Amino acid sequence: MNLRSIPFSAWIGIAGIAIAIFCAVFAPVIAPFGERDVVGDIWLPAGGDFLLGTDNLGRDLLSRLIYGARTTIMVALAATVLSFSLGMLLSFTAAVVGGFTDQLFSRFNDLMMAIPTLIFALVVLAVLPQHLWILILVMAVLDSTRVFRIGRAVALDVAVMEFVEAARLRGEGSLWIIFREILPNTLSPLLAECGLRFAFSILFLSTLSFLGLGIQPPAADWGGMVKDNKDGIIFGISAALIPGAAIATLAICVNLVVDWLMKRTSSLKGGRGDA
Amino acid sequence: MMESGPLTGPVPTDGTADATHPRSAELSGVPAKPNPAANPANSEIGGTLWRRFTFRRPLAALILQRLGLSVGLLFAVSLMIFGGIEALPGDFATTYLGQSATPQAVENIRKDLGLDKPWTERYLSWLGGAVQGDFGTSWASKNSVGEQISRRLGNSLFLAFFAALVSVPLAVGLGMLAVQFRNRLPDKIINVVSLAAISLPEFFVGYLLIMFFAVQYGIATFPATVYDSMSVTERLSAIALPVATLVLVVLAHMMRMTRAAILNVMSSAYVETAELKGLSMFRIIARHAAPNAVAPVINVIALNLAYLVVGVVVVEVVFVYPGMGQYMVDAVTVRDMPVVQACGLIFAAFYIFLNMAADILAIIANPRLRHPR
Chain R
1 MNLRSIPFSA
11 WIGIAGIAIA
21 IFCAVFAPVI
31 APFGERDVVG
41 DIWLPAGGDF
51 LLGTDNLGRD
61 LLSRLIYGAR
71 TTIMVALAAT
81 VLSFSLGMLL
91 SFTAAVVGGF
101 TDQLFSRFND
111 LMMAIPTLIF
121 ALVVLAVLPQ
131 HLWILILVMA
141 VLDSTRVFRI
151 GRAVALDVAV
161 MEFVEAARLR
171 GEGSLWIIFR
181 EILPNTLSPL
191 LAECGLRFAF
201 SILFLSTLSF
211 LGLGIQPPAA
221 DWGGMVKDNK
231 DGIIFGISAA
241 LIPGAAIATL
251 AICVNLVVDW
261 LMKRTSSLKG
271 GRGDA
Chain F
1001 MMESGPLTGP
1011 VPTDGTADAT
1021 HPRSAELSGV
1031 PAKPNPAANP
1041 ANSEIGGTLW
1051 RRFTFRRPLA
1061 ALILQRLGLS
1071 VGLLFAVSLM
1081 IFGGIEALPG
1091 DFATTYLGQS
1101 ATPQAVENIR
1111 KDLGLDKPWT
1121 ERYLSWLGGA
1131 VQGDFGTSWA
1141 SKNSVGEQIS
1151 RRLGNSLFLA
1161 FFAALVSVPL
1171 AVGLGMLAVQ
1181 FRNRLPDKII
1191 NVVSLAAISL
1201 PEFFVGYLLI
1211 MFFAVQYGIA
1221 TFPATVYDSM
1231 SVTERLSAIA
1241 LPVATLVLVV
1251 LAHMMRMTRA
1261 AILNVMSSAY
1271 VETAELKGLS
1281 MFRIIARHAA
1291 PNAVAPVINV
1301 IALNLAYLVV
1311 GVVVVEVVFV
1321 YPGMGQYMVD
1331 AVTVRDMPVV
1341 QACGLIFAAF
1351 YIFLNMAADI
1361 LAIIANPRLR
1371 HPR
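Protein sequence lines correspond, in order, to chains R and F. Following the numbering used here, the numbering of the first sequence begins with 1 at its first residue and continues without gaps. Following the numbering used here, the numbering of the second sequence begins with 1001 at its first residue and continues without gaps.
Since the hints were derived computationally from the structure, they do not count as laboratory data. Note that the structure is predicted; figures quoted are calculated from it, not measured. Every residue, glycine too, gets a C-beta built ideally from N, C-alpha and C. The reader is advised that the hints may include incorrect statements.
Pair ranges (Cβ atoms, derived) [as the list claims (entries may be wrong)]: (1) F:Trp1119 / R:Leu183: 36 to 44 Å; (2) R:Val160 / F:Arg1151: 34 to 42 Å; (3) F:Val1071 / R:Glu165: 38 to 46 Å.
Rough simulated footprint, nothing fancy, chain R against chain F, three-plus residues with beta-carbon under 8 Å [unchecked claim]: (4) 1066-1077; (5) 1124-1134; (6) 1188-1199; (7) 1281-1293; (8) 1311-1318; (9) 1325-1332.
Turn these sequences into a full structure, and let the hints steer you where they fit.
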């Protein structure tokens, strides 16, 4: 792949994502203070010892931001991977097997999508105990409905191709057809979709945390940090805006990369060859 | 059919796909294809009646079908909201009293809340009440849920209505502007800005606006409290910031989708023919492009209004606005199930019926969808 062909906007996106991932991986090394250490007064302004100031309990905002990158990215990534595996497996099964299975999966998916995602999550999280893995699972299941819809449409296009028919006539099983025939041929459009789902997961997780239903304190997480510091806004303290800006920046960066990936897959049919 | 993009909340119900779908008729309880094996006399009369009706009034029949489908869907959703909660692990009584509660205390509170009856019985009585607007009493505050909702629903709709009033003309206008200057500077600026705007979380936009307009300049009020004795102008100034937030959140989506829809029409062969005939730009847009672009644009608007209904939840929490969204979030944190179920059902109902409206409007605006092959 030619590096020069990557547009400037995509480079910005890649750089932003790289910085965020760097922070997430090396959080204990680069953070000046601990995640839960109270190091100063409440809501100190930015500058001096504390580069971004302190939060509502006197914890260093920069350190929490760096640790928060870890939680936010990890949970969003886990939910995306899970939702993607689930959605793709079910949608490909529906497309390959067809008939009653397809009808059953598709109608159930329609039913799930008839309830707004956030409302569905609120209803479900009201009942379930608050654990991290439950949160990831709920996010993944709700998100997989979108993956299912797109995955099924893409897989149906491929499932009628000659080489799939040839595989069927050879006597290959459904599993072979799903993983060896359809999956490799649908991977590139679905990859861009995966990026979009990741951006959506970050926003969704942050929204849930902001509403107090996502990651529970004292663990640092960007959405939760906005919630912690929101009362400062009235006094003109911008501590809540900093994690908010971090969420927005990361989501914008992911979207910039996805935008480029989508243009690339749509303009170059079979552009995977040089990847 | 244009792809709405997976970031949008609304379900992209495809008009053509559903119309040809045999299940849609079945779900709505309308015997589109009567089964001759079962009760021949009855089903044949119903079948011919319905068939004659579809033949004479295809539009009315389609709309009736959609209405039936939506009601059926809503029923299924109510079952899911209620039954799903029953199926999930976790019991209110034990959560409420904590891990160390005695079995006797748990038993008492279960009986108190009616949780000892079988769930089918509770579901039927809940559904029966919900149809009449009675959603039971809140577990936490012991108030009537229906009463609270009737007061808050008006507030939420007030907010969503003004957000729609501002955002719809603005989105359509900007979308047309982007098409007019396609691939030139204004279009590129609009593209980049809207891509960024899609990525902004609602609460971030909200607090940013509060920081600037309420705290720095002091020209707007925060928190956006409204009460009954307020005059209309007072109310409007109170909701200025929440409305602005909602507009910013929906605008980018709506505009991008409008742009795609209009661009789709403008790049078609008949518009090119009109251009080559030497017609004026105004005539091309007014006579050739607009009638064909109306259907997708209406669809876009209805889908985004459905999204607005959900966007209200976060915005209300940010601005401490006494609406449905805040009520629901508060109830979720204390696990007040009657309130959560009622709010969930009402939000889902709005969402489903706005999606249905999008479908029906698309059918009305585009006659081709009325005659599925």
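Tested hints:
no.: 1; hint: F:Trp1119 / R:Leu183: 36 to 44 Å; verdict: 41 Å, holds
no.: 2; hint: R:Val160 / F:Arg1151: 34 to 42 Å; verdict: 55 Å, violated
no.: 3; hint: F:Val1071 / R:Glu165: 38 to 46 Å; verdict: 41 Å, holds
no.: 4; hint: 1066-1077; verdict: holds (count 3)
no.: 5; hint: 1124-1134; verdict: violated (count 0)
no.: 6; hint: 1188-1199; verdict: holds (count 5)
no.: 7; hint: 1281-1293; verdict: violated (count 0)
no.: 8; hint: 1311-1318; verdict: holds (count 4)
no.: 9; hint: 1325-1332; verdict: holds (count 4)
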